[in-house]
Structures are given as structure tokens and as C-alpha cells.
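A.B. asks: Sequence:
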Amino acid sequence: MDWQPHVTVATVVENDGKFLFVEEIKNGRRVINQPAGHLEANETLVDAAIRETLEETQWRVEILGVVGFGLYTAPANGVTYHRTSFFARPIAFCPEQKLDGDIEQAIWLTPDELRERRSKLRSPMVLDCLERYLKGQRYPLSMIY
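Each residue of the sequence shown is one higher than the one before, starting from 1 at the first, in the numbering used here.
Incorrect hints may appear among the rest.
Claimed, not checked - Pairs of lysine-lysine, DSSO-like flavour, derived with a Cα cap of 27 angstroms:
hint : residue 1 : residue 2
1    : K18       : K135
2    : K98       : K120
3    : K26       : K120
4    : K135      : K120
5    : K98       : K26
Hints in this document: simulated from the structure, not taken from any laboratory.
Can you build the whole structure from these sequences, using the hints too?
C.D. replies: Okay, structure coming up:
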């Protein structure tokens, strides 16, 4: 089989009604995404979500549960991503942590502020994931084995 999806994780981090996002450069364009990235060898999905959130935002988080799973095929490159989305709470800001190279900055936005920036989202999964979280789509970590 030649085709393989890319396994990714993303994290919805809420604090006082605002949510943690990243502004990153992709294909020469500044876009907004949840802290997200690829699963690495010998890593659990939860560990990947914690690592990616720290590397992209300088925030250490506690993963509390799962928002859901999704598939997205990016029109720009034809790659299909299998995304596990988690929700978390911030634990500590770690300014000594260097941001990943393609991350411009971490930003806290309300849901309305994100909706206003819809045209700048990296993919439709960003807003879809937040809306699912806001509607109460939250599942225990025990659903992952």
C-alpha cells in the first residue's frame, strides 16, 4: 500500500474563556492553528499532544480528555491527516522553551475572535474542533488504548 495518512494531534487549551492558538507560516502565508503536530516514533498520542503544545506555545498543559478524531486531505499537497484532538488546561508558562521555527507566536483568542479570523485558519478543522469542544463534545482519555 503506497498511501498512508499522517498521524497528527491537536490540543484545545482553555483558560478564562480564551483559547490557545498559534500563528504559523505555512506555504508563505500566516495562518492560525491549534497547537498541533505529528506523532513521533515510540510516543503516545497524549505525549505527542503535550510535547507539541509546549514546543509551539511555551505552555505546559495537562491533557484532560478527547474532543474527537478527524480526517482532512489538504488541497495544497493532497496529504491526508488523521487528527486526534484533545482538550487540556494550562499548567505553566515556560519562557525558556524555544518556539518551533515556523511558529510566529502563541495567541489567546475568544471563540468570536477566532470566528472573525476564519479566512486565516490553517484548515477547517481548527474551528470545527473548537465548536465541537464548545458544544460539550468531550470524552475521557480512557477511550484511547
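A.B. asks: For every hint, state whether the structure bears it out.
C.D. replies: Against the structure, the hints come out as follows:
no. : hint        : result
1   : K18 / K135  : holds, 15 angstroms
2   : K98 / K120  : holds, 24 angstroms
3   : K26 / K120  : holds, 11 angstroms
4   : K135 / K120 : holds, 23 angstroms
5   : K98 / K26   : holds, 19 angstroms
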